[in-house]
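The whole structure should be built from the sequences, with the hints applied where relevant.
Going left to right, the sequence shown walks through residues 19 to 96 as this note's numbering numbers them.
If you're looking for bench data, these hints aren't it; they were derived computationally from the structure. Note that the structure is predicted; figures quoted are calculated from it, not measured. Built from N, CA and C at the ideal position, the CB exists for glycine as well. Worth double-checking, as some hints may not be accurate.
Here are the computed lysine to aspartate or glutamate pairs in the EDC-like style, where the Cα-Cα straight-line distance is at most 20 Å [stated by the list, open to error]:
{"#": "1", "residue 1": "K67", "residue 2": "E27"}
{"#": "2", "residue 1": "K67", "residue 2": "E37"}
{"#": "3", "residue 1": "K67", "residue 2": "D38"}
{"#": "4", "residue 1": "K67", "residue 2": "D51"}
{"#": "5", "residue 1": "K81", "residue 2": "D51"}
{"#": "6", "residue 1": "K81", "residue 2": "E49"}
{"#": "7", "residue 1": "K67", "residue 2": "E49"}
{"#": "8", "residue 1": "K67", "residue 2": "E90"}
{"#": "9", "residue 1": "K81", "residue 2": "E68"}
{"#": "10", "residue 1": "K67", "residue 2": "E84"}
What follows is a list of derived Cβ distance ranges for each label pair [as the list claims (entries may be wrong)]:
{"#": "11", "residue 1": "A52", "residue 2": "Q77", "range": "17 to 25 Å"}
{"#": "12", "residue 1": "Y58", "residue 2": "P82", "range": "13 to 21 Å"}
{"#": "13", "residue 1": "R20", "residue 2": "M89", "range": "30 to 38 Å"}
{"#": "14", "residue 1": "W56", "residue 2": "G78", "range": "25 to 33 Å"}
{"#": "15", "residue 1": "M80", "residue 2": "E27", "range": "14 to 22 Å"}
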Amino acid sequence: MRRLRLYVETSVWSYVYAEDAIHAAAATVYELDALVSWNYRHIVNLRRKELIHATNLRQGYMKPLEIITPMEVSTHEG
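Dropping the structure here:
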């Protein structure tokens, strides 16, 4: 997957965390509204979000990928 290689080449992720990169790559390519994850260390953190967005912009993906936790999308009130 070209986007996965690009994330690794631009140091967004290392190949050790390729599974995390695959999720972000698929969400970007398919223009999903958000990527939802509990993984604060490798996915849901400000620095990673900035790197993903910058890399995507350089490649012409203008829609920012929202990376959020399940708590941010929960509709349960109570």
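ask   = Are M80 and E27 spaced within 14 to 22 Å by their CB atoms?
value = holds (21 Å)
key: Whether the CB-CB distance between W56 and G78 falls inside 25 to 33 Å   = This hint holds: roughly 30 Å between Cβ atoms.
message = Need the status of pair K67, D38: alpha-carbon distance at most 20 Å?
response = With a Cα-Cα distance of about 12 Å, the restraint between K67 and D38 holds, given a limit of 20 Å.
key: 20 Å Cα cutoff - pair K67, E90   = holds (16 Å)
request  = Mind checking the alpha carbons of K67 and E49 for me, to see if they're no more than 20 Å apart?
outcome  = It holds: about 15 Å lies between the C-alpha atoms, which stays within 20 Å.
inquiry  = Checking one constraint from the list: CA of K67 to CA of D51, max 20 Å. Satisfied?
reply    = Between K67 and D51 the Cα gap is close to 14 Å, so the pair holds against 20 Å.
query = Does K67 pair with E27 here, judged by a C-alpha cut-off of 20 Å?
reply = holds (16 Å)
ask   = Holds or violated: are the alpha carbons of K81 and D51 at most 20 Å from each other?
value = Holds, at roughly 9 Å.
message = Check whether the Cα positions of K67 and E37 lie no farther apart than 20 Å.
response = The given pair, whose Cα atoms are some 16 Å apart, holds under the 20 Å limit.
key: Distance restraint between K81 and E68, which requires alpha-carbon spacing of 20 Å or less   = holds (13 Å)
request  = Sort out whether E49 lies within 20 Å of K81, counting only the CA atoms.
outcome  = Holds: K81 and E49 sit about 7 Å apart, inside 20 Å.
task = Return holds or violated for the Cβ distance of R20 and M89 against the range 30 to 38 Å.
result = holds (32 Å)
Figure legend: structure checked against the earlier numbered hints; every hint is met.
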